[in-house]
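If you're matching them up, the sequences are chains A and B in order. Counting the first sequence from 1 gives a position; this note's numbering is that position plus 292. Counting the second sequence from 1 gives a position; this note's numbering is that position plus 1.
No lab work stands behind these hints, which were simulated from the structure alone. Nothing here was measured: the structure is a model prediction, and the numbers come from that model. Errors might be hidden in some of the hints.
List of simulated lysine-lysine pairs, BS3-like, C-alpha gap at most 25 Å [said to hold, decoys possible]:
#, chain 1, residue 1, chain 2, residue 2
1, A, 472, B, 97
2, B, 135, B, 97
3, B, 18, A, 472
Pairwise CB distance ranges, derived in the manner of DEER restraints [said to hold, decoys possible]:
#, chain 1, residue 1, chain 2, residue 2, range
4, A, 327, B, 127, 29 to 39 Å
5, B, 139, A, 313, 48 to 58 Å
6, B, 139, A, 542, 56 to 66 Å
Positions of the beta carbon are idealized from the N, C-alpha and C atoms, including for glycine.
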Amino acid sequence: MTAAIMSEPPAAPRRRARPGRTLVLNVTAVIAGLAVWTGLSVSGIQGLTGPIEVVGRAAELVADGTLPTDILASLRRVFTGFVLGTALAVPVGFLMGWYATARALIEPYVQFFRTIPPLAIIPLAILLMGIGETPKVFVIFLAAFLSSVVSTFQGVLDVDRTLINAARVLGASDRTIFLKVVVPASTPFIIVGMRIGLGAAWGTLVAAELIAAQEGLGYRMQQAQLYYDLPTIFVGLISIGVLGLAMDRLLLLAERRLTGWQERR
Amino acid sequence: MNAKISFQGVSKSFPLKSGDFLALDRVDLDIADREFVTVVGPSGCGKSTLMSMAAGLEEPGTGQILLDGAPVSGPGPDRGVIFQQYALFPWLSVRKNVEFGLRLQPISAEERRRRAQHAIDLVGLTDFADALPKTLSGGMKQRCAIARAYAVGPQVLLMDEPFGALDALTRVQLQDQLLDTWSRERRTVMFITHDVDEAVYLANRVVVMAARPGRVHRVIEVDLPYPRTEEVRLSPEFARIRNEVWHSVYHQAPAA
């Protein structure tokens with residue numbers, strides 16, 4: 293490794309991190325974190341479980357099928373809420389960006405509901421929708437929708453006027469301008485909105501599973517709390533983190549593929 | 002004169018807090034078919050507004066703009082526009098950018114490809130046809146924009162300070178290339194610039210505008226032969242016309 297680093301040209305070494313070196317540092321940081329965790333659990337804090345115990349519990353939970361069932365249940369809720377939320381956010385965002393009338397009609401609601409944490413909707417959702425899957429998915433849907441609609445609509449507003457004019461002088465109709473200029477030009481914003489929406493959806497999950505769930509990572513952690521079962525709580529937390537990170541990376545990959553044409557400044 | 006584009010008593014004002022700002026005051030200007038006219042003037046003289054109106058992107062306040070005797074209403078592919086900021090679609094390759102306008106016309110895919118290729122060859126971007134705009138230099142981007150405008154076969158090219166963002170060397174190269182393209186496939190050109198050298202080098206006629214309110218100050222004939230070469234650029238005759246234009250741009254009597 294040292295040899296590889298030394299063989300690099302010495303000029304401008306600080307500006308751009310080498311991918312190999314970054315990876316080594318990332319892994320080092322994770323290992324160091326685990327070491328600190330182990331140290332804390334061994335030496336001090338009362339009742340804190342160490343990584344090994346957590347891995348053991350994870351293996352048990354996988355073996356008896358609890359963890360896969362919980363993950364599946366949670367993912368299904370997040371995905372349903374997220375897909376519905378962004379599927380509605382994109383057209384609504386376009387509508388708001390493209391038609392001033394639509395914006396004036398919709399924006400007060402979007403801005404108002406954005407200030408209410410989705411979790412605060414839960415009591416209302418339970419009363420109106422009962423305790424089935426609907427209120428859980430609804431809360432996640434709301435979180436995803438509200439956080440991605442603003443980004444989409446801002447993206448449409450920010451489309452370079454000269455690009456629209458360039459299309460107009462080539463003879464493009466409003467419809468063509470919308471489909472061939474506004475949509476591609478705002479794609480980067482939409483994807484950023486989707487990433488924020490996914491984060492919001494994931495962030496609402498555990499609380500949504502407070503509503504009389506029978507399975508799911510959030511529900512499992514609630515149960516574990518009742519029985520003072522720290523390892524299970526850690527397994528739940530780590531699963532949520534890993535899954536969230538994986539989904540975010542997937543969207544990031546999609547972003548690179550779809551918006552690689554952007555000039556990075 | 003049989004005018005291709007004719008500005009007839011064109012005025013335009015913009016509302017400001019302190020009242021209306023008169024951007025253009027009764028501009029009369031005829032541009033002949035296949036003529037190369039440059040418009041030069043201080044900032045705020047309304048030269049870009051004049052071009053925008055010819056493009057159909059803005060409407061005149063009063064007066065009218067005629068294209069082949071018919072009033073201009075809205076933009077159309079009979080007038081190609083080249084913007085200072087290139088305005089290429091960054092998600093499309095050079096070829097797809099050039100094809101953008103052609104796709105809006107009722108022509109076959111084969112005809113479209115042929116005309117796009119022709120335009121790309123015309124501006125010398127043959128080897129970069131499949132490159133994305135972000136990989137091109139400023140000069141190449143503007144050549145792509147010129148190809149995109151040429152491809153749809155407009156009779157008029159409206160150019161709004163197209164070389165304004167380029168370095169001096171690239172600018173000279175693009176001027177030569179534009180003249181080369183224009184002499185091979187002649188169109189009526191209205192070229193806005195704030196660069197006196199550029200205005201004289203390219204044009205049959207230089208229109209000098211004045212500001213506050215924006216109006217035509219003088220029209221100066223450029224009696225130099227095409228093709229314009231370095232020799233022309235360095236000739237005493239060029240220097241004389243350049244001085245004349247310079248003086249009428251920078252030493253304008255204030256408006257009465």
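Hint-by-hint comparison with the structure:
With a CA separation close to 12 Å, the supplied pair residue 472 of chain A and residue 97 of chain B stays within the 25 Å bound. Between the alpha carbons of residue 135 of chain B and residue 97 of chain B the distance comes to roughly 14 Å, so the proposed pair stays at or under 25 Å and holds. The hinted pair formed by residue 18 of chain B and residue 472 of chain A fails the criterion: a straight-line CA distance of about 37 Å is larger than 25 Å. For residue 327 of chain A and residue 127 of chain B, the hinted distance range of 29 to 39 Å is not satisfied, since their beta carbons lie about 60 Å from each other.
A C-beta distance of roughly 34 Å is found between residue 139 of chain B and residue 313 of chain A, which places it outside the suggested range of 48 to 58 Å. With their beta carbons about 36 Å apart, residue 139 of chain B and residue 542 of chain A fall outside the hinted range of 56 to 66 Å.
Going through the hint list in order, the structure does not satisfy hints 3, 4, 5, 6.
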